[in-house]
Amino acid sequence: MSSEPLLSLENLSAHYVSQQGSRVVRAVDEVTLSLSAGGTLGIVGESGSGKSTLALTILRLLPPAARIVSGRMMFEGENLLDKSDTEMRHVRGKRIAMILQDPMASLNPLFSIGNQVGEPVRVHEGASRANAWKRAVGLLKAVRIASPETRVTQFPHEMSGGMRQRIVGAIGISCEPRLLIADEPTTSLDLTIQAQYLNLLRDLQREHGLALIFITHNLGIVAKMCDQLAVMYAGRVVEQGPVSQIFSAPVHPYTKALLGSIPRMTDNRDHLTAIEGQPPDLASLPPGCAFAPRCAMAFARCRVEAPPEFAVDEGRTARCWLAAPDAEAKATMMRSSVA
Amino acid sequence: MRQYILRRVGYSLVSLFLLSLVIFLFVRVTGDPVSLLVEPGASPEDIENMRRQFGLDRPLWVQYWHFMASLATGDLGLSFYYRTPVLELYFQRLPNSLLLAAVAMGLSLLIGIPSGILAAVRVGGFWDSAGKIFALLGLSLPSFWVGLVLILFFSVYLGWLPSSGSGTTLHLLMPAFTLGWYFAAAHMRLTRSSMLEVLGSEYIKLARLKGLPEALVIGKHAFKNALIPVITLAGINLVVMINVAVVVETVFAWPGIGRLLYEGITFRDFPIVQGVVIIGGGMIVLVNLLVDIFYALIDPRIRLES
Amino acid sequence: MTVTTHPVVATAPTPPTAFWRLQGFPLIPALILLFIAFVAVFADVLAPYDPQIGSLARRFRPPAWQEGGSLAHLLGTDHVGRDVLSRLIFGARVSMIVGITAVLVAGGIGTLLGIVSGYLGGWADQVIMRLTDTWLALPALTFAIFLAAIVGPSELNIILILGLVYWTRYARVIRGEVLSLKQREFVRLAIVAGCSKRVIMWRHILPNVINSAVVLATLMLGVVIVTEASLSFLGVGVPPPKPAWGLMMADGKKGLMVGYWWLTVLPGICIMLMVLSANLLGDWLRVKLDPQLRQL
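If you read the protein sequences in the order shown, they are chains R, P and U.
Residues in the first sequence are numbered from 1 upward in steps of one, following my numbering.
Residues in the second sequence are numbered from 1 upward in steps of one, following my numbering.
Residues in the third sequence are numbered from 1 upward in steps of one, following my numbering.
Careful: at least some of the hints might be erroneous.
Below, simulated DSSO-like cross-link-like pairs (lysine-lysine); rule was C-alpha separation at most 30 Å, straight line [to be verified]:
1) Lys132(P) <-> Lys94(R)
2) Lys134(R) <-> Lys220(P)
3) Lys224(R) <-> Lys205(P)
4) Lys288(U) <-> Lys182(U)
5) Lys132(P) <-> Lys220(P)
6) Lys224(P) <-> Lys132(P)
7) Lys205(P) <-> Lys141(R)
8) Lys242(U) <-> Lys253(U)
9) Lys141(R) <-> Lys94(R)
10) Lys256(R) <-> Lys205(P)
11) Lys132(P) <-> Lys134(R)
12) Lys288(U) <-> Lys132(P)
13) Lys220(P) <-> Lys141(R)
14) Lys132(P) <-> Lys141(R)
15) Lys132(P) <-> Lys83(R)
Hints are computed from structural coordinates only; laboratory data are not their basis.
Predicted model only: the values in this text are computed from it and were never measured.
For reference, chain R alone in the conformation it holds in the complex (with noise of 0.2 Å):
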């Protein structure tokens, strides 16, 4: 708390409206967050928790049917949504960077890889077509590509995955961002490429002071990467702090169930299967806790009202009646579990 974060989500809702506005998916619903300089916050869940609809809506790139509805997203000391459209398409690629999923489709099949991984440098930083050349050589040496000199004329088709996955962090760190945001980099690459880029990664991060939002459902790979973790369920944070106490103490049944899925850090599954149930449905999700209807640890409050973030410990947060600090909402949990 002694300086100010680099990044902050205040109460940050984005709701999907269907066209007849009867139908309201909150996807991001009163996310509050925060991310220090260098810092590496991880955010996980299942898919369809609303963790990639909150990387779009920190860079204001949401589809066209869903809209920021409240908050405030507090970067450098500027409000976000405050910005023009103009403004905001010179933090994307320059101060806010993002690798998205899948390294075979976001390269355009029909450009050079100088072409693209030179293009933030020419549109944020004027250079010249020369100069962002070379510049293009040099992030491909430094995320570790082979003879980068003749890598640059190549085309995406003429690389492997691995390959192109760095190409795609090449141009996330090209105009040396102040945060850039990985979302699921590596599901699609092997173990081993997956272990290398994590660390390039991890390199790129220390060499350039970079802060890093990875959003995973892998846990393990929170553990090697991150200092901070979010859960996030049906587009709540239900649970937030240092990944070292959560993972020795998780105090939401979320989570718990969550790393009682994940016993071991090398663990590569590709979904969080074990907690029983069914994800919710976003569009009608329950009056109360929407995790209640999965939860072995419900009680009454639970199904009626939604939990607020109660503040666990220095720095941490649950969204949950058990963390609740008064005893009344503890005596009927006691209650609750005995009957």
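Given chain R's structure and the hints, the job is docking chains P and U onto it.
Coordinates of chains P and U only, in the frame set by chain R:
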């Protein structure tokens, strides 16, 4: 991939065979081949001679064999009217047809591609609706009517453009527009759907994440990708244009293959009609084959298949 | 923690819907088609003159509202003095009869071959599909001209020719639909119950593809009418002196250069109204009746 291409070549050969069979049978079975293949006004001896020459007294399969043999040597018969081989006449007219088709294609792409992009970039917006109406009009207005109305305006009332004939650029304008207008609608629709598909792709998302201005996202990253299917269709349509220009060439008296076909009809010059149909069908089968092979070469999914 | 909450964007503006799709039924196109059908049926009563007989003394009269026109010939007269309005009215009959019957012929051939090809599969499917490919390689208009040159022009021949040229579109669509119907429960039950292939095709498959056939027919009506007009315009369609719209335009072309616009423009407008209406109605039907053909 070799297997894939071989199969495509096989299909095309079957199509060409069926094409010749269909045309052959329609002439021999539905109509009276003598009246079609022998000049009108021929004497009974001449008719008897021709009957023997064409082998019309022989069994059908023998006749088909001869028909195919002459096709294979490029012999499509003599025109009654011009008294020259049909193939020769065809190649005389082909440059004119190509010129008209090329200009019409240029116009149709010039109209179709930008309007298709506008419609896709603003789906459901004004340009999208205007494009839909335009496409519907393109399909609903007979091209000869469009041609005649153009003549009425630009030749009769305004006197700006010659109503018929060829030779100058001015002569080209109206027929090319009339022919291109119908195809512009098709090219607009394809550009729109192809653009929509590209705009939903990951690399467009990445281009936006890079902070590129929207003009660059659309104009550089989306445009080139969205254009590939449109250019392919344009290639096919260029051949189709040559073969459907008959109405337009008739309206504007443009001396192309369509006009040749029209002369074939009005002078009851059946070898010309038959020749134009055979060459046209063959051309389209070939172009479809070329497009299939082209796609096999550029699309790795097809390359790996089979 | 201080929280400032401010809404950014409230609601999305509804994109303007094209007017004819607005809440479904395309009323005006339907009324236009009904009107043309009405005119076609009662042509004998409605037409003020015999459409095939004119008098050279009254040739090239302009429409009533133009200088030199008279109320006797509301829409003027043509190059042999025939009343244009009467010819347009009887032309509606020609277009309706040719259009509808040709679509029925094409639909009959195409639906039958589509069902057989889709349901039987195997070599029957191969043969029919190769035939369809071949057919599609022939440009429709050129093919129709070729056939017309063989059999000679007459109204009946034009109908048969158009049917023979356009069946392929039905065959393709219907075949695709049959392929998916084949996998459905009720067809399997019929097979288990021991129905013969013929019975299944007639009693179980056919009723389920009728919707698509109707939608296609409406969409094809426009195409067929334009082709008929083109053939007549080129002189291989409906033979003169019958009043077909395409033929009227071919005749009118001679007067165009001296400014007799009504001879070409008016039949063209009739064709356009009819084809546009059929297309709009077909478009609506496609969305309404046939979820499989619906693509956004």
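Against the structure, the hints come out as follows:
1. Proposed proximity of Lys132(P) and Lys94(R) is contradicted: the alpha carbons are some 40 Å apart, above 30 Å.
2. A distance of roughly 21 Å separates the Cα atoms of Lys134(R) and Lys220(P); the hinted pair therefore holds under the 30 Å criterion.
3. Simply put, Lys224(R) and Lys205(P) have alpha-carbon atoms about 28 Å apart, close enough for the 30 Å limit, and the pair holds.
4. Of the supplied pair hints, the one linking Lys288(U) and Lys182(U) holds, its CA atoms being roughly 23 Å apart against a limit of 30 Å.
5. The suggested pairing of Lys132(P) with Lys220(P) holds, with an alpha-carbon distance near 25 Å, which does not exceed 30 Å.
6. About 23 Å separates the Cα atoms of Lys224(P) and Lys132(P), which keeps this hinted pair within 30 Å; it holds.
7. At most 30 Å may separate the alpha-carbon atoms for a hinted pair to count; Lys205(P) and Lys141(R) meet this at roughly 25 Å.
8. Taking the CA atoms of Lys242(U) and Lys253(U), the gap is near 17 Å; set against the 30 Å cutoff, the hint holds.
9. With a C-alpha separation of about 20 Å, the suggested pairing of Lys141(R) with Lys94(R) holds against the 30 Å cut-off.
10. About 35 Å separates the Cα atoms of Lys256(R) and Lys205(P), which puts this hinted pair outside 30 Å; it is violated.
11. As the CA atoms of Lys132(P) and Lys134(R) are separated by approximately 47 Å, the hinted pair breaks the 30 Å bound.
12. Proposed proximity of Lys288(U) and Lys132(P) is supported: the alpha carbons are some 18 Å apart, at most 30 Å.
13. Using a Cα cut-off of 30 Å, the hinted pair Lys220(P) and Lys141(R) holds, with the two alpha carbons roughly 26 Å apart.
14. For the hint linking Lys132(P) to Lys141(R), the alpha-carbon distance of about 50 Å lies beyond 30 Å, and the restraint is violated.
15. Distance restraint check for Lys132(P) and Lys83(R): the Cα-Cα separation of roughly 36 Å exceeds the 30 Å cut-off, and the hinted pair is therefore not satisfied.
Going through the hint list in order, the structure does not satisfy hints 1, 10, 11, 14 and 15.
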